[in-house]
Amino acid sequence: MITDFLRNYLVETGAHPLPPSDIPEERAPDLPTATSSSAAREVASVEIDPSPGTSPLFRFFVDGVQRTVPVAEVTVNNVRVPIHLSHLIVGAMERVGAELRPFIAREAFVLIFPYQALQVADGAWSAHRPPGRELSSSGRIYEAVKIGNLLFSDTSITLRLGSDGRPGVLFQPGDLIRTGEVRRKALDRAKELLRIMEVGLIWELRQQCPNDWILLDGPVAPPLKYGRLVEPTLQGLEEIARPDIAFDFLRRVIGAVKRVQIIPQDGLEVALSSSPFLRLPVYRFGEVVEEDDAVAKEILSAFLWLRRELAGEISALWSTVSGLARFDIPIPAVFDVPNMRNNWNTLGDNTIETSLANPSSTERQRLEKLLQAIVIERWPVPTATATRMLTELFPIAETELWLTAQLRSVYEMRSVL
Amino acid sequence: MTIGRVLITQSEPAKPYEFWCWLQSDPALQVEVGTVLVAEGDNGEKALVLVEDMQSTSAASDHLLEFYGSGYGNPNINPPTQPALIRLAKLRVLYREPSTASPPTGRWQVRFAQAADVTLLAQRIPPRYRILVGFLPVGSDQADPASWLPVFAHAQFLLGPEGAHVNITGATGLATKSSYALFLSYAVLAWSAAVGEQTAVVLFNVKRRDFLSLHELPQDWNTASQWIQQWAQRIGEPALADRVQAMWTQAIAQGVDPIALQFPVRYFTYQGDPDMSSILNPQIYSYGFEDLQRGDFEAALFTATYQPTEPQVILLTAYLDAKLGQGTSFQTMEQDLQKVTPQKGTNEVTLFEVPGTWMAGVPPALRRRLVGFLSHASHVVEKNNPNGRPFKFSALQANGLHVIQLYRLTEAEKRLVVNAVIRELSQGLEQPNRQINRVLVIADELNKYAPSGAMSPMKEQIIDIVARGRDLQLTLIGAQQFASQVDDQVYGNSETKVVGYSDISEVSNPIYKYLGDLRDQVPNLKKGQLILKHPVYPSPLIIWFPTPLHEMKP
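Residue numbers (the working numbering), protein chains in the order written: chain A, 1 to 417; chain B, 418 to 971.
Chain B with its partners taken away, still in its complex shape (with noise of 0.2 Å):
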């Protein structure tokens, strides 16, 4: 049924890849932003196109008009005759057929989606290659799983080598970044199970139990429409249970089906985590000296605002390349630091075999980062022994899930943490023999790890793993609430970008310049429902996405 056309004038021309279109008079046509429309011309041009914008108009040309009209400005008047409401849809497209950059020849009439159109989009990604991303409304009845129709992404550009990594933006406590998160592991795990991939997922949980009960999947998707209905009942929005059952059962069809699947969930926590005794057989993790890096070290003693100096980078170095592999502990490092022997005649002092001469000031400098750190790294650092029980790549499980527990440490414990997994999982992923050929590591709090602004050794790390991770195939999912407060080349380097709902002043920053005029949207995106940015698609979609079921466990 065609509900409008495609508007050719001169204050709104239309674009190859932009125009606007207006909507037949009619309150019960349901088309808003976000929707999915068909622009199609006489002769067989087809423009499957995402509505981006609206606006409602009359022929009033301005406020005056509309004061004057209503009895001078008495709102009791009621005219006999309404001014007809014109309504206008910005309209994106997202494929052309034929494919051409030129714009619309002619005032090509408008109508809904169907599943046929929307396929289409799918066209452009080889069966081989499609990983379920979301959900395009193009039905009104939202359920029936018919009315959602799945968008993918490219692997190739997904997960590399192509290009890779996602950045996910919204804001805390709406349960949308790790929500979206978890889903898109769900389809990326499916997907490599179906092409005889060797994937595992490392997700860290920085919040509450945001991911400490992964495992919690009702037995059957009887069940689990169960979990649904009372979930939505829970929260108070019963429409939505409908909204989830069929986004699920589309997504089943899709092959993404974790109760199906059964993926495997491993969890890592350290000790005395508070959570410890509800997690499912958790593997306590720690690290000693002989665990750790030089990039370790680095991350975990100096940040953005602490900067070593570099007498202190070169002492510190020194001292690595002098005592790693020699069953050094941290204690034995901070004794060892004390141990100084001044130089005659000199400001000069030298250390226990550690070769070279140091300012006399620049050990006790190091010493005290390093007592600072320790204090404030009991959970996870072995002081007096040599090794801990660290994070190990071979601990790695074949599309699994592997959660590390990271909520309750302090900052520069997280910051050991998070820089020794992703150096394991980058080191393991260069060996030959390997049980892994692919990673995907989901870390919130993004920000904290690679802030915009001055560098810091934990943020060069990040820097270079997004830089090397297509060729790795280390995927990085990373989130945050402020994509703003992440680094320019950590953010940019990520070819898919999803935003969630996020303030206004947030999404008024150039970074996200890219969402054109759905930047307006950001702020009344609802719960499951997000902007996405794929480089394989011309423009952004808002998609939808199901809640994870284990969140919805009664």
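The following block holds chain A by itself, in its conformation from the complex (with noise of 0.2 Å):
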């Protein structure tokens, strides 16, 4: 009877029923999508035929990927803490022709634990030193990672520096008894060591192939916290600290973010809309950080319903996100002009917007362009999860591909002991 009662009623409000599915709210592929809204300007709008028929653009396709497991344990005044080994890989692969290569590839064996903190729980620490070369905020984390070698970072500290110039404390001895924190923190540090190394990677790219493009998995935003760390030239990408260097850096880097979580709080239906060209609303947004996105006002972010044909092929996605994808575009991939090297980064958002709203601009051209060459990643669809083949474009799935085939196993790590 109440189901009756039920159905009548949407049926009188003219709702649709949902696509069959058989997975529960709590298990939602697509349920991460979209969590954020945030103050954002449209800077242009852009339509780009589904099929531009244009030529590929980005070169190389980096990606980098990890794999963190609790290899040990030490006991503490009655305390059990875990120590984790991290398998880092990060790595590009490069186009040729319409094949994808391995170009190169970076990994490292980090062991990670609060060492200060137990350090200071028991005196006896201090005598065991863990082996290798320590990734802390000290910096040339990269050139360690490339030099090999058992790594090592401890998860008492940051690795970034706070504004008294020094790192901060993550664990104090009595936090050590709060194992789940213990082991959120090592999986933290291994995010973001992978984060450096991406940076690393894309610097020492950038060094060979200055002019070449770079598609890089995920937001352009984060790595930018982390230029300092990895090796000093670039302590200039930190706020933007040296324009120059970060011009250099960015200027041929697009980001692929396949789980947009931070969105504009309006304008986006644009993107959504079904009309015969695809419609890409670009904005620029504040600094806005969330767990696994983040935007920021030197990179424009164009909107993109991705594989917009798919849509209703994929019963367990059913959000109107769900297809999504947004890719950073920094400024200088835009305003790509010698004389801006040392101010792109004062442009105000009308000079953008002026600009990116005159059809013979060089920039509305590049972005144009750009564009294309972005929507022609659409094809072909990667192997992957429901959302990610709505999203993920298949060159940064087959480098993730390579990478993953490259980790070691659980066990393998395991064995260490």
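Just so you know, the hints here were simulated from the structure itself, not pulled from any lab data.
Glycine is no exception: its CB is placed at the ideal position from the N, C-alpha and C atoms.
Possibly wrong hints are sitting among the right ones.
Claimed, not checked - Short, incomplete list of chain B residues facing chain A, as computed with Cβ under 7 Å: (1) Gly486; (2) Tyr489; (3) Pro492; (4) Ile494; (5) Thr498; (6) Gln499; (7) Ile503; (8) Pro699.
Claimed, not checked - Far from chain A, by Cβ distances over 12 Å, these chain B residues were calculated: (9) Pro430; (10) Ser475; (11) Phe769; (12) Glu877.
Dock the two chains into a complex; use the hints.
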């Protein structure tokens, strides 16, 4: 009887049934999509033919993968503290013709645990300094990775420096009993180190091939925070302290964000229209950081309903924005003129909007060319989870597959003890 | 050069005798089913392997993704990145060093086999017992004899006493079964001559002129090369010439040189053979009543579809006991079966000079069979004379080929001749002072003589021969279009099996299970390509053999 009332009500309201799915909401793959909205200014809106017929632009595809496992535990004052081993790999595949080929890969084995906290809790730990070079706030991390050997990172302290110029403290001895937090911090550290390695790899590519386009898996903003830790030259990336260095770093890098958490507060509907053309609104956000996503004012964000043709085919996904991908386009990628190397980061919203609104401007044409190059990457579709099938680009998925295949197995990593 | 690695995954676990490998992404890499490769471990482990099956795959999980990935089913989309194509090869172990029945212990490197690797195969066979049975391709240049490495059979398994008999299956009309049987004959005779055996080959010619021009060989190998070139042009496959030439060159290197060895060829045919004028020095054969034995009569008179009654068999036996050796002819027999004397007060009769009494209907029934047979056997049967000119064991020449013409004979005549010849050969091989100590019999259309299903007198004899053949040193090289139509015992007793191009419906029969995944390749076998299963090798091999020289005569 109740169901009859409900059905009648829904019919009255004109509601449509959802695609059949046996996935409960707590496991819905598209649940983390569009969890945060933020004020943003639409600086351009571009219509692109779904099959633009342009030549591929991107030569390199960069991704990073990691596997972090607890490999041992130590007991200090009756508290068992896990020690993690992380295998981190970053790499770039190169497109030659229509084929992808491995170009460069860097890997690191890093022992991760709260060493200083252990030292304070038990002085005997001072005699047990972990082997290998420490990856810490003192930087040169990518250099250490390139050298190889076992590395070590202390989760008691932050990698980034605080306002006082010193690393922050993450763990006091009393925190060691919070095993879950110890594990969480180990995972976070592995992710940070992976980002740092990605920045290092991009910079290495930049040195070798300064004018070739790179498509990075994920947002572009987060790596900017880690420039100093990668190597001293890149210190200028942080807070765009050195616009010229940031300009050189960013002018040929695009980020492909497959799981969009941050969306603009309004205006995104145009991306979801079913017109013959793909409509890509381009926004400029302020600084916003979410769990796995980040945007920044130095980066334009283009939203694309990447494979709208498939939206009705994947029954597990039904949210409005489940097929939405974001492409992070650093301002230097569009405003790429030498005389802007030192002041590109000072461009105001109005200047950008005006320039991009002018169909004959170099910037507008460059933006359109970039977006066309992104659109032609819609096909083929990677073999992936439902959400990724809608939003991940094939070369990125292949790069990840290549790198993941090189990760040591959990069993192999656990066998170190 | 390493071309791949052994694959060890959950879905493709490595087994002791079969495992998969992936191959490097290079379209120019010439690996196909039948290619011989080597998988090598870091610690000196080596496996000589045969590519049994191949697959191309990609990361795309299914057809939906392929469809979606091409612009949602748009065939004109040309994506900037093509998904990687991964070629996989299923490998079957032919030889393992060190010998072990355990799977590869790592992701061994895979490379093309070289001459030194393939010679490992021959190590299983002592040099004295090596008989060439074909070639394995190991190089990319098919014109190079070194690209064709010899495959040997073990004489004791091919000819006895460890095993015996060869069975060849293949579709008719592709010149494969007869050609290969002849190549095998050359190889056996060459081996026989080399080791001092006295071997004779007897070939039944059942179709056209398959074996009627065996003597027509080129004078020398220069002439042979010209023949080969012209033949390849003639059949419209000029590329074949290099391959055939290279294989013959390699065969000569292995001692199989039909031109140099000059195997004598003798032809035996029947009176009235339309091909007689084109046969070199034919000897006429025929059979009179006195030339035959009980089994020959039964094979001639009775078939699986016309089974004799027990009284008929008893009468025939009694008649033969009474009349054989008395100068009897078939005509006499026909008349005798009419001379019945009724027994008063019974439904029984007696026959002149034949002990016993018979139900009145038995002699006429046997006579009808006899008359029916004689009416269809005029080419090979001397009706009025007790004796004809039967094929004799004494006619065999050491290391010679002996062709017995059966083409155009009736089925009854063929049964009589084949049965009588095989019986003569087996009896000859049991004689103490024989000039020949080993005989190879090549019989096509084996399904006619030893069909699956009901028993017949002829089939009984063939079953007996294949069972005792390896002790007698009588080897049957039987051939047929469909092995599924041959008696299980006859087929099963052939230790060496050879399969040429056949229809998929035939090879789906369970009797081909021993081929494993190679079964799928049977419908794709090319001219001159066969699958060989020989007891010495743990797995079937895809081999090649050269076209016989006489077939290429301009």
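Hint check results:
For B/Gly486, the suggested interface contact is upheld, since its CB lies about 3 Å from the closest CB of chain A, less than 7 Å. A hinted interface residue such as B/Tyr489 counts as satisfied when its beta carbon comes closer than 7 Å to some beta carbon of chain A; here the least separation is about 4 Å, so the hint holds. Residue-level restraint check for B/Pro492 is violated (minimum Cβ-Cβ distance to chain A is 12 Å; threshold 7 Å). The closest approach between the C-beta of B/Ile494 and any C-beta of chain A is roughly 6 Å, which is under the 7 Å cut-off, so the hint is satisfied.
Among the interface hints, the one on B/Thr498 holds; its C-beta lies about 5 Å from the nearest C-beta in chain A, closer than the 7 Å criterion. Using the Cβ-Cβ criterion of 7 Å, the hint placing B/Gln499 at the interface with chain A is satisfied: the shortest such distance is roughly 4 Å. At its closest, the beta carbon of B/Ile503 sits 11 Å from a beta carbon of chain A; the interface hint therefore is violated under the 7 Å criterion. Interface hint at B/Pro699: violated, since its Cβ lies 66 Å from the closest Cβ of chain A, which is beyond the 7 Å cut-off.
For B/Pro430, the non-interface assignment is confirmed: its Cβ lies about 16 Å from the closest Cβ of chain A, beyond the 12 Å cut-off. With a least CB separation of 9 Å from chain A, B/Ser475 falls inside the 12 Å interface cut-off, contrary to its annotation. Against the 12 Å criterion, B/Phe769 stays outside the reach of chain A, whose nearest CB is about 90 Å from its own CB. Distance check for B/Glu877 against chain A: the nearest CB is about 62 Å away, which clears 12 Å, and the non-interface claim stands.
Hints 3, 7, 8 and 10 from the earlier list are contradicted by this structure; the remaining hints agree with it.
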